[in-house]
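4 protein chains.
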Amino acid sequence: MGKGRTEAFSDGVFSIAITLLILEIKVPPVAGQSNRELAWALFSLWPSFFAFVGSFATILVLWINHHGLFTLAEHATPQFLFANGFLLLFIIFLPFPTALLARHLTEPGGNTAAVVYCGTYVLTNISYHLLLTAATSTQSICKDVTPRLTRRIRRAYWFGTLIYISATITAWFHAVAGVLICSLLWILWTRLSYCDKAEQK
Amino acid sequence: MGKGRTEAFSDGVFSIAITLLILEIKVPPVAGQSNRELAWALFSLWPSFFAFVGSFATILVLWINHHGLFTLAEHATPQFLFANGFLLLFIIFLPFPTALLARHLTEPGGNTAAVVYCGTYVLTNISYHLLLTAATSTQSICKDVTPRLTRRIRRAYWFGTLIYISATITAWFHAVAGVLICSLLWILWTRLSYCDKAEQK
Amino acid sequence: MGKGRTEAFSDGVFSIAITLLILEIKVPPVAGQSNRELAWALFSLWPSFFAFVGSFATILVLWINHHGLFTLAEHATPQFLFANGFLLLFIIFLPFPTALLARHLTEPGGNTAAVVYCGTYVLTNISYHLLLTAATSTQSICKDVTPRLTRRIRRAYWFGTLIYISATITAWFHAVAGVLICSLLWILWTRLSYCDKAEQK
Amino acid sequence: MGKGRTEAFSDGVFSIAITLLILEIKVPPVAGQSNRELAWALFSLWPSFFAFVGSFATILVLWINHHGLFTLAEHATPQFLFANGFLLLFIIFLPFPTALLARHLTEPGGNTAAVVYCGTYVLTNISYHLLLTAATSTQSICKDVTPRLTRRIRRAYWFGTLIYISATITAWFHAVAGVLICSLLWILWTRLSYCDKAEQK
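Protein sequence lines correspond, in order, to chains A, B, C and D.
Once you know that position 25 of the first sequence is 26 in the working numbering, the rest is easy, because the numbers rise by one and skip nothing.
Once you know that position 172 of the second sequence is 173 in the working numbering, the rest is easy, because the numbers rise by one and skip nothing.
Once you know that position 176 of the third sequence is 177 in the working numbering, the rest is easy, because the numbers rise by one and skip nothing.
Once you know that position 100 of the fourth sequence is 101 in the working numbering, the rest is easy, because the numbers rise by one and skip nothing.
Read the hints as simulated data drawn from the structure, not as lab findings.
Note that the structure is a prediction, hence the values are computed from the model and not measured.
All residues carry an ideal CB built from backbone N, CA and C; glycine is no exception.
It cannot be assumed that every hint is accurate.
Said to hold, decoys possible - Computed from the model, here is a short list of chain D residues facing chain A with C-beta under 8 Å:
#	residue
1	Gly13
2	Ile19
3	Leu22
4	Ile23
5	Val28
6	Gly33
7	Leu82
8	Leu90
Can you make the complete structure from the sequences, with help from the hints?
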């Protein structure tokens, strides 16, 4: 199993998971609504749009980071393939907490939905930790990857772990606040570079 | 992140979004209809077929234009990747307004559905403006792309903006008319060339 | 727009359309059924399985033929791209008549469902005719494609047209008979070669 | 039809089928549940999560084995393409028994659901047998594939056949036990090597 094939398969899974997000936004059922009533019905779908945009941005950035991680590894060791499979499990799973959040955020059970949503990000973060470990183990790492680079990436991942756990705890007391933290953390991941050249500057 | 990978990922998203359109056409539920009644039930699904064909043609042509835009850029700058992500958000979103239109076009709330449908095209058009700007910024533009070519493309995009906004306003007064304008504008985009050679003739 | 990209995009659409077929087979809803009752409920889903397998085999063979057609063309002319888009429209559409058939074949409206199913194949067949014409027009045809080869393919297509129209008419009088003809015609398409070498023997 | 194209198409089908699994986990409908009630509702979805993870792991490992099988064949003979199509039919089908199991495992009809689930694995196993036969037939096999290697793979497949049939019978008496056997057998397939070098050690 080459690294290239695994990457292509993962790309397929990422692009499908990100596109399936839209299936969870349900069109208001037909009940003779007037233009005004339909506009209002659409407006009250805001938790769906909110969850959709948050998960879209996150999956897109996770995909970019996934490529970054793949550049660190020279060979796909069995350990690396296993960690990648574990990561894909959560990528495929993401549309479920997104839909759960969309429907229950403004309901009495909103905190539970938000905790599950944020908790999924914690698990995704853990799977990135595992993939980083597998990619930088002595058998698979590229020669030109410096320890300084992997330390920097690891530090950013730990920072993510901390924030995602905090968001999960926050979500228990204030659902929207917790979700907002999770949804906005993708901005951090866009700043993360997997390239040594950026570091040498 | 190379340009090639981003293009392949975008292709995946386009092909999935265009195929998901069919999921929104719902089979008439079984209720002991006779052959005649079922034929009539299928016939009354015409807004679904209409929206399906319109969105199909549009996504297909947007995809062709997406490739054209990618030929203008030599490198994928972060700004370019961000604009592309913004565009993908609307491509993935398109099945929702399509389904909304399919179900509500012939209902009292038809104008709202049509305005949302046309409005999505306005936003898609804006994201193409952004991608063009990113593709032709000084860092990423190909050497053999002339200012004359980018001006011509920009002019076509502005023409599109104008028509899509007009369609959105029209949809408020006459739903079908507004949607027809949006659905037919893809014919304009098939005429648009991203190649300098065509211009030199 | 190169031929390769169009082929890759079409491959994506074919593989998604063929996989979406399964979404139309609905799990019997939970209503406290015993093992025997659930087994019976599954058994009575036979029209779904029948339609699923028929459409699966057809899309798979259409995909193989699609590749054959692409080998005939050297360049992707606009006419060729347009014909290919028209073909993709019906490939994407196929899950709908499949689901219609699955639910209504054993109902009073079975003939209507079967006519729509067979009629879709007639339209698909027409789009293959158009793609063949576009692929073998003077601007796009490969040098080593002999007129004898294109005549042989055309003849097979006309044979298909005849059978699909007959099946559509048959479906009006006997739903299952018409569908059976359509579902089994893929065997013909597996026999069709797009290669001159096979002919020279 | 080259081997490469068939492999790419199959990869697409595998990645879509594995991602569609999530669509079968349904979000608990909104009914004013409190946080505690929603948490409980999510917890009682355990058969869905169980079936999801089991099918995910299985499809992922089947995909890795699919690549292994493709390395054995040098040419894609018609027989090989046919066997591959037969295999894809079951890969696409897998989300259905997964959903059936998810909803009916804890219901009175759980045994029927479990038997169908395990039975699908028996059929998938048979299609792997057929693909192995096609890949190692005299017309298509690679020169450097030793009879010893194919015998070893065949033996592992027969072992799988035996276990899957046993699981199907077990499922008739104890649903969860049968499913557990099926869901865990993917661990066996991760151990299977399609490479001669591993054998020479």
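Going down the list of hints, with the structure as the test:
1. With a cut of 8 Å, the hint placing Gly13/D at the interface with chain A holds, because the nearest CB-to-CB distance is about 6 Å.
2. The beta carbon of Ile19/D is positioned within 8 Å of a beta carbon in chain A (closest approach about 7 Å), and the interface hint is therefore held.
3. About 7 Å separates the beta-carbon of Leu22/D from the nearest beta-carbon of chain A, less than 8 Å, and the hint is met.
4. Residue-level restraint check for Ile23/D holds (minimum Cβ-Cβ distance to chain A is 5 Å; threshold 8 Å).
5. With 8 Å as the threshold, the beta carbon of Val28/D comes within range of chain A, its nearest partner Cβ sitting at about 5 Å, so the hint holds.
6. Among the interface hints, the one on Gly33/D holds; its C-beta lies about 6 Å from the nearest C-beta in chain A, closer than the 8 Å criterion.
7. Look at Leu82/D: its Cβ only gets to about 20 Å from chain A, farther than 8 Å, so that hint breaks.
8. The beta carbon of Leu90/D comes no nearer than 19 Å to any beta carbon in chain A, farther than 8 Å, and the hint placing it at the interface is violated.
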